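Asks: Here are the chains, one letter per residue:
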Amino acid sequence: MLTIPCPFCGERDEAEFRYGGEALQEIPQAGASDAEWADYLFNRDNPKGLVHERWCHSYGCNQWFQVVRDTVTHRIHAVYRVGEARPVLDDVDGASADTGG
Amino acid sequence: MRGYSFSTVFGRALRGHRRWPAAWRSAEPARAYDVVVVGAGGHGLATAYYLAKHHGITNVAVLEKGWLGGGNTGRNTQVTRSNYFWPQSAAFFERSLELYEGLSRELNFNVMLSQRGILTLAHSHHEMEALRRWTNAIRINGIDSDVLTPAEIGKLVPLLNLDARFPVHGGFIQRRGGISRHDAVAWGYARAASALGVHIVEQCEVTGFDIDQGKVTGVTTNRGSIAADRVCICVAGHTGVLAAKAGFRVPITSMALQAMVSEPLKPCLDTVVLSPVIHVYVSQSDRGELVIGGGADGYGSYAQRGGVPLLEENLAALIELFPAFSRLRLMRQWAGIVDITPDTTPIMGPTPVRDLYVSGGWGTGGYKAIPAGGETMAHTIVHDAPHPLIADFGLDRFETGALIDEGAASGVSH
Amino acid sequence: MSAPQPFRKPEGGRIDRTRGIAFTFDGRRCLGHPGDTLASALLANGVRIVGRSMKFHRPRGVLTAGIEEPNALVTVDWGSGRIPTVRAAAMPLLDGLEARSQNRFPSVNFDLGRVLDFTRALWPAGFYYKMFKWPDWRAFEWAVRRVGGIGRVPGGADATRYRHLHGHCAALVVGSGPSGLLAALAAGRRGEDVLLVEQDTEFGGSLLHDPMEIEGVGSDEWLAAALAELAGMDNVRLMANATVAGCYDHNVFTIHDRGAAWRGESAVESFWKVRAGNVVLAAGAFEQPMLFGNNDLPGVMLAGAVHKYATRFGVDCGRRVAGVLNNDAGWRSLLAVHDAGTPVCAMVDTRDEVEAGLLDAAEERGIPVYRGATPLAARGSRGVRALRFADRDGSVRQVDCDVIGMSGGMNPATQLYSQAGGRLRYDATQHGFVPDRDPEGWETVGAASGSFAPGGGSPVRPCTAAPGRTGRQWVDFQHDVTVADIELAVRENYVSVEHMKRYTTAGMAVDQGKTSNLNALALLGQLTGRAPGEVGTTTSRPQFAPVTMGAIAGNRRGDFYLPPKLLAAHDWHAAQGAVFDDYGSWKRPACYGPDRDAAIAREVLAVRRSAGLFDGSPLGKIEVRGPDAAAFLDRIYVNNALTLKPGRVRYGLMLNENGIVMDDGVFVRIAEDHYLVNTTSGNADRVAAWLEEWRQCEYFDLEVVLSNVTSQWAVATLAGPDARGVLQALQGMMDLSTAGFPHMSFAEDRFADGTPYRVQRVSFSGEQSYELSVPSNRAASVFERLRSGTDSAEVVPVGVEALMVLRTEKGFIHVGVDTDGTTNPLDIGFGGVVARKRRDFIGARSLARPNDRRGDRRQLVGFELLDPNRSVAAGAHVVTGCNGALRSEGFVTSACRSPTLGKAIGIGLIEGGFGRKGEEVLVYDDGRTTPARVVEPCFYDPAGERMRA
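Chains as they are written, first to last, in the numbering used here: chain A, 59 to 159; chain B, 97 to 510; chain C, 819 to 1767.
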């Protein structure tokens, strides 16, 4: 049962949030091939370890933001707002070693 | 396979059961194999078995990072059924159910297939229409399916609360559906494959693939390099991790699918009951435990443990449907990591790497697919072309858009 | 207190002897005292056989004195109902409690199921994997199932109320033995928020039966002072009768609290979810059994349990106790038993080395000691009569006794630690698995950490199976797993710990291995030449001890399972005779009147002939405002949103990125920078969230804000030839004439009384139709006003089902019914709209894939039956081929017998449907086929003249 630190409201229970899948998927430019489009639409890194993902505080401020979470330990290492630069993570000692390539 | 029967048990009973041979050999990995199967779950073992049995290819290793049958094969809720909407899915899962029906004798290992029927409930007028569309499709696909009235359901499942928050409007049953014993499937295939000469290597983790000019030539493991002409990935839950090691991405998110069991009870439920709207399904195992499932935790995960919200939701649903279960106790809760694909259909066939094949993307339904999955993957590996039953299950469908969206088409979530 | 309690000591224990509690066991009347557990009271009353084992129906007595009890499992009737499989050793004795033995026929003392025991050679571990393959398993399963299971599902409703509570604490202390209390005191004195949870009825843990000196005083005195101090701290909460059941991500703990029920305050059980900062695990340790023949006989008990029954409950477990031991803790227990008045007649220890002080103590008391001995077997049939063992020199001896107190070492209660992801390390000195490294914020203390007070003592000798022909030796009591079963598993190569466990079922009983895992692992190691540490352990899962499922579900029953959404005018509809159905989470009028078919037909014809009034309030309403509102919606809709003029309405389709139709509905341009988006009723929240996601995550460059106003406006849809007249009669209604307010127009104004309204002229029925929105609190009065109609026009309330018939006649799709998760806009005739739109929109790229443009995709058509007397049902399929080899080409998605047209019609999706108009096809439903013709999907007023009139 996760406690997610909403960057707008602070720590809240998992039940208040909605998961939006992996973040940082770039919508392909017009003229993208079927393969490029399929890669954007369906393929995922799905890492075993740290992942950047989108969550929405849907039963709170209703704001989307990004979470850096370890998919093995479920520990949350950072959160950042849409449009903010990806945080530099110095301290990821606790992260799962296997990041799935 | 032979060796297990009432008479052998009786005979060995007289000698204190001291003469039983090992069910399977634990092999040391050799330098090279014709085929290396990654993952000794049901699918990997079945693939190896059918390679040996149907195609005479016995120089096969099944590599397992833990203990055989220890992934989703040993964690699922043991449901077997073939009541699928799309003809492709129906044909494949029906083949699997047919194989299940003969599996205990084929493997000489009782997998305890209990065709007690699987009942799917509808809770509204609209759902009844969707369910009708689904059952008609199943019957057109040549598979048994009967629509039941609430009264018939009440007779079949006396403890069910027909007057739940969403009252039961009806349902349909696949009488050939049911449950079986998951460990027995893994052990039975392991024993039979081992007897045909397949090497089963446990505690052997594949850490990478040897790829030469786009063709796989072997795998690296924590126990050294192993050469292979062909390699098949059967690691559902971790398909994405292995694919990444081979240099390609797959349309999969790994999630923790929860299951739980109650304390054991005398028989009280003789049908598998599933409610797509009141999110839960339940059966009673032969040991008497209520085996309860309902879904995956709603985010990507490789942690084989379940969370609280889904636990509460599943049990609230269970008790809304079966108020008499309220005072029973929950004994254990666990999770298995499953490959969730965008269209709930598996991913089977070739990969961007030549001679490297994948069988994964099983979502919540891999267990029931084990026999047909093994049979068709063995064929696919041998012929380097997909078996007709899985021709539409390839990775290429995501590029063409020819998805096989089972839940979406039937109007009922699976 | 005249009823005899033959095994109750004359004095001692923490029970309240001034008061009696009457209870029954299998109908026999017994007596106990407040402070007893059910097990202690049964023992005091001389009940030795309390249950039967699951597989062989062996007679079983009480083994332990806690939740780990695998034998004494009974069905209890008390308070608000019947509960099966209650651990007698952890169930407080409550007034009026009735207990029954389980898994026996006809009685616990004489059980026919025992025949399985006498034929046991046929039923070794995993026997069912080898047999019962012919003719198939189902032929045998019914019999096997009857053997399996123990309790029965209770009949009757569960009157207990279950509530969910949330809590936070800086320090969660699990267990209130001396270590837990010390930790709670320390944290409490630091001012931290402390929650101390104890599953027993009283705080104190081992101090309650094993007094010692702490901080220079006797433990009774210390305990009283400690509890008083803790009770006096505002920042400390104490919770007894509560089990910490699970540890989850981010230090969330679930706690099942039965305190209120057990104290008799109210029939309420609480299920807590507590987020803890730091955790102190002081859950103690589980004493393990020893292995020797017939170690399952009633009277064979854990030494610590014998001790606890003697000193805490004042109960003699028997008249003469023999000890079978491999560690010092067991010695201390039995010495205390002796001192409490139950003579110990032998100490049989498998070790050579025993702490000198203990040897002296035994000698002082005249207890014979056998070191380096090998316990062989318990003698007796329905209870222990003697213990046979081999002395160090190999000579076989026998001592008469009626209780064997055994102690195979203490295994720390690390279940919660394991659930938190902690790794265990095998401690050879203790012969147990101890925490290796505490996770961040965790501290494992006391016996749970593997530190056993006092002193170090002599090392524990790992438990081994007794050699030779000793009879069966039980590893898992409830599941009847013996040493021979584990040997068989090893022989058959089930040598991984999980394989052994699953093959033999050791550790899978209701105690989840608390009394069996360690011996099973040690044996597996011995048989395969591995140390227990190499064998490893199985993973501990929640629940630590089984938890009532009703408690986990909480109050989510009936309407609380998912509270229904009621219309603002719900009561008004009810007064009109509405029959309500569930539509998603809404309760809406399906029709008005008890005869469903007749009511629907009447309502449909009313709309066609005069006017019908429909409550469309759940219709999704999302306001979109800002300079970029048009640009935003143009990216969302397949349709052009830029060219829409203010005051006008347009129909639009939304796709998901995969090009699948996700929702449809009209959108309104209220002003240049202000749109109103209507969604289908079931999708309002989903579409609102979807738009918000795109706005925030992808289109953040656009200046636009969204607000979901669905519940603020009630919507009265008035449709039919008389609709305008009725609506126009409202005081303050704007001019609705077609010239000034044509089809697909929107306007807003106020009624004469100042009530704001919005009106849009759109039609889902194919008739002249107006959707009037008013503030929700005005819904009932507006409905009533419209219902009364005018002198010339009758207005009939219309339910959802009639509307579905109306729109089917008209061939209007209902997204989610006539489309599914595979339908793209081309399939429903929106190819032209897609082709005309030059700008990108969500899903556009997917429509360019080869599969999305195939001509044989399932496309929207209408159906008419050739035989006018037959009907067609939604869900029927269009098939080719003949019986036995049918193939589905698509299906009927909506169908009805049209009251307007007097015939059966349907719409649906079939392969290549656009090119098949006029073709005859076969419609399959429930095993029968009916010929039908493919037609245009619109059956009524195809030119739309009535709608625009």
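Do not take every clue at face value.
[What the hints assert, rightly or not] Mimicking DSS-like on lysine-lysine, the simulated pairs with C-alpha atoms at most 27 Å apart in a straight line are:
| id | chain 1 | residue 1 | chain 2 | residue 2 |
| --- | --- | --- | --- | --- |
| 1 | B | K311 | B | K341 |
| 2 | C | K1383 | C | K1405 |
| 3 | B | K149 | C | K1383 |
| 4 | B | K362 | C | K1383 |
[What the hints assert, rightly or not] Where chain A lies over chain B, by a calculated footprint (3+ residues, C-beta under 8 Å):
| id | region |
| --- | --- |
| 5 | 106-116 |
| 6 | 190-199 |
| 7 | 332-341 |
| 8 | 489-496 |
[As the list claims (entries may be wrong)] Facing chain C, a subset of chain A residues (Cβ under 8 Å, in silico):
| id | residue |
| --- | --- |
| 9 | S91 |
| 10 | H115 |
| 11 | C119 |
Since the hints were derived computationally from the structure, they do not count as laboratory data. As the structure is a computational prediction, the values presented were derived from the model and not from experiment. Ideal Cβ placement from N, Cα and C applies to all residues, glycine included.
Asks: Confirm or reject each hint.
Replies: Hint check:
no.	hint	in the structure
1	K311(B) / K341(B)	holds, 14 Å
2	K1383(C) / K1405(C)	holds, 6 Å
3	K149(B) / K1383(C)	violated, 59 Å
4	K362(B) / K1383(C)	violated, 39 Å
5	106-116	violated (count 0)
6	190-199	violated (count 0)
7	332-341	holds (count 5)
8	489-496	holds (count 3)
9	S91	violated, 10 Å
10	H115	violated, 11 Å
11	C119	violated, 11 Å
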